[in-house]
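So the protein lines, in turn, are chains A and B. For the first sequence, the working numbering assigns the number 1 to the initial residue and increments by one for each residue that follows. For the second sequence, the working numbering assigns the number 1 to the initial residue and increments by one for each residue that follows.
Rather than coming from a laboratory, the hints here were simulated on the basis of the structure. Be aware that a few hints might be false.
Rough simulated footprint, nothing fancy, chain A against chain B, three-plus residues with beta-carbon under 8 Å [unchecked claim]:
#1 12-22
#2 33-47
#3 53-63
Okay, the calculated bits of chain A under chain B, using three or more residues with CB under 8 Å as the criterion [to be verified]:
#4 15-25
#5 37-45
From the three backbone atoms N, C-alpha and C, an ideal C-beta is built for every residue, glycine too.
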Amino acid sequence: MIANVAALLVLAGALVACLGSFGLLRLRTFYERVHPPTMGTTLGTALVLAGSMLHFSALGSRPVIHEILIGAMMVVTTPVTYMLLVRAALRRDGGDGAG
Amino acid sequence: MNPGFFSLTLEAAQVVLGVAMLLALVRLLRGPRAQDRVLALDTLYVNAMLLVLAIGMHEGTALYFGAAVVIGMLGFVSTAALAKFLLRGEVIE
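Kindly generate the complete structure, drawing on both the sequences and the hints.
As structure tokens, this is what we get:
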């Protein structure tokens with residue numbers, strides 16, 4: 001039962017990540033396109049990691065929480081890279097992005 | 001517990017993540033500008049990391065977790081380096 005719930009969590013996370021990738025392909029300008037992939041990196045990753053934690057905890061009948069490592073890493077690194085990237089895009093578009 | 005449902009759901013999740021990687025790949029090939037390609041590469045590696053996690057769950061081993069951590073770390077470093085290159089024209093000043 002727990003394994004099925006974990007699998008459904010992973011499927012939900014995969015669907016959210018796929019929706020983010022679809023938005024990346026679909027939207028018109030770069031500044032619109034920055035938004036959708038963050039769905040995959042936040043909610044998608046969180047759901048998949050929750051499913052993984054649940055499954056391996058049930059499998060080993062002890063709490064397995066090392067997935068938090070990836071979660072913390074994504075939470076810290078994603079805003080940094082996207083801010084750098086948007087700043088670079090602003091600069092390349094001739095805006096004042098260097099400040 | 002129904003092992004068929006578990007296995008089937010995880011396989012469906014893997015297919016969905018594969019489609020997500022394909023969509024990101026199309027954006028990577030299309031561009032039109034360098035920042036779009038970097039963003040697509042970032043999305044691609046996040047989806048690949050999630051795919052490796054899903055495969056690890058499907059196989060039932062914790063070995064794939066290390067691979068996912070490495071993909072996440074290298075993806076961050078590569079995206080940050082590429083963004084820095086677009087910003088300054090060189091990675092290390």
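Tested hints:
no.: 1; hint: 12-22; verdict: holds (count 8)
no.: 2; hint: 33-47; verdict: holds (count 11)
no.: 3; hint: 53-63; verdict: holds (count 6)
no.: 4; hint: 15-25; verdict: holds (count 8)
no.: 5; hint: 37-45; verdict: holds (count 5)
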